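**Student:** Read off the chains here:
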Amino acid sequence: MKWTKLLLFCSFVGLVLAVLAWLAYRPTIENGPTTASQPTTLPTVPVIRLGLMPERDVFAVRREYQELSVYLQQRTGYGIDLATSNSYRNVLRDFEESRIDAAFLGSLVATLAVDRTGAQVIARAEQTSGISTYTGVIFVPESSSIKELCDLKGKRLAGVRTTMSAALYPVYECKRNHQDESKPEHWHMVWAGTHESVIDEVLSGRADAGAIKNLRLDAFERTHPEQKFRRLAVSAPVPDNALLVSRAMNPDVAAKLRSALLAMHTDEEGQRVLKTLGLKRYVPCSVEDFSAIYDMVETLGPHWPRTAVDGPPPHRPTTRPASAAGNG
Amino acid sequence: MLRRKLLTYLIAMVVLLLAASSGAIWMLQDVLDELDHVSLDEAAYVDTANRMGVAITEIEVELREIQLGRERHLDNLFEHIESLQRDTKALDTIYTKPMFDAHAVYPRITANLQVFSKHVGTLATTEDEASVKANMADAMTASVRLRRDIMLIGQLMRDHTRAETRHAVSKFRWLVLGLAIVFLLVINVFVILMLRVSQMVLKPVGQLVEATRRLGEEEYAVRVQVDQHDEFGELARAYNHLAEQLQLNEQRRVETLGQAAVMLNHELNNASAIIKLQLKLLERQSNGSDAMSRSLRQIDENLARMTATVDALKRVRRIVLTDYTADTKMLDLQKSTAE
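From first to last, the protein sequence lines are chains A and B. Take 1 as the starting number for the first sequence in my numbering and just add one per residue. Take 1001 as the starting number for the second sequence in my numbering and just add one per residue.
Extracted from the complex, chain A is given alone in its bound form:
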């Protein structure tokens, strides 16, 4: 009797376990991820709106800088919101209208931001090769009949508005060589959105020549070895993309941001992010490093409007030393 009871009990337990197992694994209707989920808490940390410019493939830029923003959030404790403008001049407008607190800017936009909004330059990027500057370069496909700048007369030159390499430098180069004092830009400009788009314009034949920063052209040549280009002129080096903070930014916040950026290469996570960006580290930078820009602007003088940059030219900050600008 005792054994029978035990057996019945075990059977009952077994059946119960089987039913429970079935219930545990029975198909359930899972709710999909809610797309309109509401945040349960509001962010309490200050948020820095970080502007980006469309230097090259905007999606790649976005992906890379997202990693940087996550890193900076962790290191500074501030929230970082990225704001990518669709053009260089709109980054400048964002700065002027205080729609961004900081931005990674090209050299010409940086000098304009410093001049027009009082923004401060705090750091610039150094490539893995150790170079922290870039030059403007005017190029044509190697198969092109254009051999030198004067051959560009009447041709289409692709460039990017409000950039040193693709807007200021070509005009400056004309003026410097006194090719046509009355009309320095004796070519027709084709305005592309990014440096990579300039290369596309040239390769597609919609432009005869292009003007971009040398780093982009070098990178393109590395990834497309079958494409060869002839460089017609190269500018003096200017600082690569620099981080500027607005004048209104709290100095403590700016200092924290600067420290985090300059110390990136000293920690493992920072090195990983830098590698994603194709950089070695960030180095200190100041407005004095942009002297080549001011030299070009001063050389242009009244011809500044021909760069197609809105507004007045950037003025060299006082006590800034003059230096040679172009070498091409």
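It is possible that part of the hints are untrue.
What the hints assert, rightly or not - Derived Cβ-Cβ restraints for the label pairs, each shown as a range: (1) B:D1159 to A:S259: 53 to 63 Å; (2) A:E298 to B:A1090: 51 to 61 Å; (3) A:K2 to B:Q1199: 44 to 54 Å; (4) B:T1110 to A:P225: 51 to 61 Å; (5) B:Q1225 to A:K2: 30 to 40 Å; (6) B:M1136 to A:H188: 13 to 23 Å; (7) A:R231 to B:T1110: 27 to 37 Å; (8) A:R231 to B:M1136: 45 to 55 Å; (9) B:I1181 to A:V16: 25 to 35 Å; (10) B:E1244 to A:V16: 49 to 59 Å; (11) B:A1104 to A:V16: 41 to 51 Å; (12) B:L1035 to A:P225: 49 to 59 Å; (13) A:G278 to B:L1035: 45 to 55 Å.
I should point out that these hints are in silico values taken from the structure, not numbers from a laboratory. Computed from a predicted model, the values in this text were never measured in an experiment. Built from N, CA and C at the ideal position, the CB exists for glycine as well.
With chain A fixed as given, assemble chain B onto it according to the hints.
**Tutor:** Below, chain B without anything else, positioned relative to chain A:
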């Protein structure tokens, strides 16, 4: 022993039942999983495809806003493109079972998305009219191809899930039929086992009841034949031993009675012979008196009856008692001598 046998049968029945139940649950679960996968994955797939369509439209709207100068930031555009890229990747992985028809379409969607994204990126940043026109045409073409492929993949998905549902339902029907047959068999086996178990108990109990009843009727020669090596076998052996003991006792009593009858018969025969001799002498002396003759004849008849009774005692096979008075028993000679 009997307990062990019963337990063995019971365990066999429980194991059989559990095995059948577990198998049934496992197979049903399999079918339910399949149906579950079809409904959930299809819903997720359709959601994703719809979301992709919406994202393409939102990208086009956002692009238009940028071109009109109403928007100068690309962040919303990025979000839509990233959402589209995520969903494109998800399309290939949402459906947990291979959908071979769609495998040719995924790479096409991925390729078109890359083309679309590239042109959108250019359109969002370029300021050259010719470039806008050239990229716009390419972007529109890629957009149309994307939408067409998304619709196609949705159609393929519906066809695929319909086929899978039909297969699962058909499998479910066969499974239900199969399980019904299996459980009928299990129930039959159960009944057969129960019958066997009941026979194992009822048969020896019936034999013992019958033997006991006959023993009660003083049939001491009855024996129970139970070929079981269990408690019933032991009980049958005990019963047979008891019956044997009772039979021996009875035999001893009958033998004693027979010996007493021989002795009585001997003594009674001697006395009877003398009495008969004296009766013959008295008959000769009665000189034909009827009354005397009648009395002598009655004495002779009763003497014969006594002799017959005592003689009958020698033939007693068993002792059968009957009521003589309310509290006294006497030997039922007729029954005791019956064959």
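**Student:** Give a verdict on every hint.
**Tutor:** Against the structure, the hints come out as follows:
no.	hint	in the structure
1	B:D1159 to A:S259: 53 to 63 Å	holds (59 Å)
2	A:E298 to B:A1090: 51 to 61 Å	holds (55 Å)
3	A:K2 to B:Q1199: 44 to 54 Å	violated (25 Å)
4	B:T1110 to A:P225: 51 to 61 Å	violated (25 Å)
5	B:Q1225 to A:K2: 30 to 40 Å	holds (32 Å)
6	B:M1136 to A:H188: 13 to 23 Å	holds (21 Å)
7	A:R231 to B:T1110: 27 to 37 Å	holds (36 Å)
8	A:R231 to B:M1136: 45 to 55 Å	violated (32 Å)
9	B:I1181 to A:V16: 25 to 35 Å	holds (27 Å)
10	B:E1244 to A:V16: 49 to 59 Å	holds (53 Å)
11	B:A1104 to A:V16: 41 to 51 Å	holds (50 Å)
12	B:L1035 to A:P225: 49 to 59 Å	holds (54 Å)
13	A:G278 to B:L1035: 45 to 55 Å	holds (50 Å)
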